[in-house]
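Residue numbers (the working numbering): 1 to 87.
Please keep in mind that the hints were generated in silico from the structure rather than gathered at the bench. This structure is a prediction, so every number in the text was calculated from the model and none was measured. A few of these clues could be false.
[Claimed, not checked] Below, computed lysine to aspartate or glutamate pairings styled on EDC-like, alpha-carbon distance capped at 20 Å:
1) Lys10 with Glu46
2) Lys7 with Asp29
3) Lys8 with Asp70
4) Lys24 with Glu79
5) Lys8 with Glu87
6) Lys24 with Glu87
7) Lys56 with Asp69
8) Lys8 with Asp35
[Said to hold, decoys possible] Simulated restraints on C-beta separations:
9) Arg82 with Leu21: 12 to 20 Å
10) Glu87 with Gly44: 23 to 31 Å
11) Asn6 with Gly44: 32 to 40 Å
12) Asn77 with Asp35: 14 to 22 Å
13) Ser15 with Ala45: 17 to 25 Å
14) Ala45 with Glu79: 32 to 40 Å
15) Glu46 with Lys8: 28 to 36 Å
16) Arg55 with Glu78: 21 to 29 Å
17) Thr16 with Gly86: 16 to 24 Å
18) Lys83 with Thr43: 29 to 37 Å
19) Asp29 with Gly75: 13 to 21 Å
Cβ atoms here follow ideal geometry from the backbone N, Cα and C, with glycine treated the same way.
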Amino acid sequence: MAPSKNKKIKLYTLSTCSHCLRTKKFFNDAGIEVDITDVDLLTGAERDRIMDEVRKLNPDCTFPTICIDDKVVVGFNEERIRKALGE
1 MAPSKNKKIK LYTLSTCSHC LRTKKFFNDA GIEVDITDVD LLTGAERDRI MDEVRKLNPD
61 CTFPTICIDD KVVVGFNEER IRKALGE
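I would like the entire structure built from these sequences, with the hints used as guidance.
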């Protein structure tokens, strides 16, 4: 898979979530740069602000929540991630 340099990718995860770890590994192995936020490691106002962002993308607030440009993928699903990347 070629790196998706033109895509803005934001990954909201929990540091101990196995699906989140698999998602991080997927992007890392593919050489795709992503902006990762481990929500459970945040505190106070910063955590509240990030949770508001997640709720707007994924009202159920489940993890991982992946935002690829204007597309949102919830959970680790390699096929849906690749489709959102345009592959």
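Starting from the hint list further up, note which numbers the structure goes against and sort them upward.
10, 15, 17
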